[in-house]
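Turn these sequences into a full structure, and let the hints steer you where they fit.
If you want the building blocks of each chain, they are given just below.
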Amino acid sequence: MDVVAGKMTQTSADPSVNAAAMADRRVRLTAREVTVHYGAKQALFGVSIDIPDRAVTSFIGPSGCGKSTFLRCINRMNDTIEGAKVGGTIKLDDLDIYDPHLDVVELRARIGMVFQKPNPFPKSIYENVAYGPKIHGLARSKADLDLIVESSLRKAGLFNEVKDRLNEPGTGLSGGQQQRLCIARAIAVGPEVILMDEPCSALDPIATAIIEELIDELRENYTIVIVTHSMQQAARVSQKTAFFHLGKLIEEGNTSDIFTNPMHKQTQDYITGRIG
Amino acid sequence: MTDMLSTSQAAIDRTKLVRSGLKRRHMSEAVFKALGLTAIILALGFVALLFVDIVRKGAPAFTQSNMHLSVIYDPTIINVEPAPVRAEGQSDADFRADSLVWQRKVALLNWNKVIEASLRAAAPAGNEIESRALLTIVETDARHVVREAFVENPSLLGQTVKVDLLASANADNWIKGNIDRSLGDAQQQLSAPARALIDTFVENGIISTGFAWSIFTNVDSRAAPASAGLLGAFVGTLWMMLIVIVLAVPIGVAAAVYLEEFAPKSKFTDFIEVNINNLAAVPSIVFGLLGAAVFINYLHLPISAPIVGGLVLTLMTLPTIIIATRGALLGVSPSLRQAALGMGASRTQMVFHHVLPVTFPSILTATILGVAHALGETAPLLLIGMKAFVAQVPATPLHQATALPVQIYLWQGNENRNFFEPRTAAAIMVLLGVMIMLNGVAIYLRSRLERRA
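The listed protein sequences derive, respectively, from chains A and B.
Residues in the first sequence are numbered from 1 upward in steps of one, following my numbering.
Residues in the second sequence are numbered from 1 upward in steps of one, following my numbering.
It is worth saying that the hints were derived from the structure and are not from the lab.
These figures come from a predicted structure and were not determined experimentally.
Possibly wrong hints are sitting among the right ones.
Quick look at which bits of chain B chain A covers, simulated, 3 or more residues with Cβ under 8 angstroms [unchecked claim]:
no., segment
1, 334-345
2, 350-363
Quick list of the computed label-pair ranges, beta carbon to beta carbon [what the hints assert, rightly or not]:
no., chain 1, residue 1, chain 2, residue 2, range
3, A, Asp96, B, Asn297, 51 to 61 angstroms
4, B, Phe271, A, Val105, 23 to 33 angstroms
5, B, Phe271, A, Tyr38, 24 to 34 angstroms
6, A, Gly88, B, Thr269, 28 to 38 angstroms
7, A, Asp96, B, Val282, 45 to 55 angstroms
8, B, Lys267, A, Val105, 24 to 34 angstroms
9, B, Pro264, A, Tyr38, 11 to 21 angstroms
10, A, Asp146, B, Ser447, 32 to 42 angstroms
11, B, Ser447, A, Asp79, 35 to 45 angstroms
Even glycine gets a Cβ: it sits at the ideal position worked out from N, Cα and C.
Laid out in structure tokens, this is it:
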């Protein structure tokens, strides 16, 4: 485990690499003054942040600080919650996500999501991965679909384990395999951004390590935003980190800076374990 | 030191306290278990009693008395020219007209005399019995059976063939002992010579008992009660079941899906939900009134037709299916919905591709149970006119028909109590059998679907 962790820290926490890399990257998502109310209760207070392209950004903070709420704003999953009201702007490149004329279905084809508890559909492994491309009309023939399914499973590092049982139900896989299936399912639609809400919190350490390695490979082609309650994971996996507390964005910046030289006391307290 | 002693003393005291209450607690648990067991035994006992009583009463009705009579096709009685033969170049219509003319002439002959002559020949020598009394032994449809055999095969003329006929209802009662043999002539339905002759026939083997296929293959009959069967009622019930399944399931499921998934939560939808729950408790006869007023009076659908019965039963089954579907939809985990929406599925796609398939076992079970329940409803059917005597099999849902529970009700009212009480019990057994089979299908399908999912 330490070996794996060591390998992770080497790539992300190298200050010179990260500072230069972050400065060069263009911004994919911009959020300005985002507020969220659940009924009368306010959950987010004016969050503004830029998410860089082709990098992993992690949101950290104690329970109930609003990081998952903010994540769900990005692909408008808060729309499905009764009584949720979102204010402010979020833009994907130059597209206003909350534009009333925007089709939410199209948005979710460009921004995929992986949830905390692996939730494959109660269908076969093949059907799980093929569902997205099918409904968005991305495959013109069965051969096309087969190709998409295989490449997505390969990218998720699952193909060799399941290639002989593509017709078996997805729910029959182990927890780690199911989560990789959910990642493959998200990738199959060819999104630009992948949102991950605590993807490893329901998994054992070995499965967690496999998924972290997968995230590291994926960031070459996708913009990834990950919510995590493990600071070690954030340090291992992300290039940019944002610290949330009680619905406010306290601090954000390069991962190495946040963890070695935080500017706010609250960030320092959280990282050293005094709060949260 | 004292602290340790006092704490261990306190522990001993506490244990004593707990122990003293234990006996009472175990007692009340034992009493509760005994009460529960008694309740189950009572309930099962009553059900067993009901079943045993019905089976005991109905089992004899599943055998019928058949007469194997050597019928003499006497040319002196059957005085008719030979059947028409199709001439060269004669058209279909002409030949059919000729055949019908001949058949009518055949029908006008006195076939009862043929039966009577055959019976006399079969009776032991020296038997003096009146013609009318003789004919009470065999069922009144015997003349139709014998005549139709002749029409099928006109070469029977002059021959003697063995034909299977039904013994009359009263003869059947006498043979099975459904009527007390010690009763005097005034209380018996058959005259003394007839009864003696029947006994002789039974000894000779001319009358024997066999399985009562007529219950399943014949329609109802008042003129020939021994041949009364359930076929018409069965087909009527099947038509109605079909209509209920075809109408109630799509409408009910769609309504539940709309109310649960798409309708905005408001006072109006709450109002609808309360009303649907209440509809499930409305007495079924009210639906019959509704059916009579709307379907028959206003829409002018035919009275006593399975379509009207089916529509009324659909209205009755809808609340059950809607409530069951809503319950099943509520039971689907939110993570499945989130996964589908996160993939970019529209709301409709999420419901129809992911949520509904998971609820299929529950919907199926509710459908079959709802249909089985509707099968046994009599009150609404009586009000839409299905209380009439119908002696035909409905060819379409628009033809006059009757239903199994109504048939039971009609048979229960027949004057020939000795014959029809066992028959009614047999009909009840058939109805119960259909319901048990439906429930069995529901259980099997549900377990199959749940295992696959």
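Exercise for review: Could you work out which earlier hints the structure fails to respect and list their numbers in ascending sequence?
Suggested key: none
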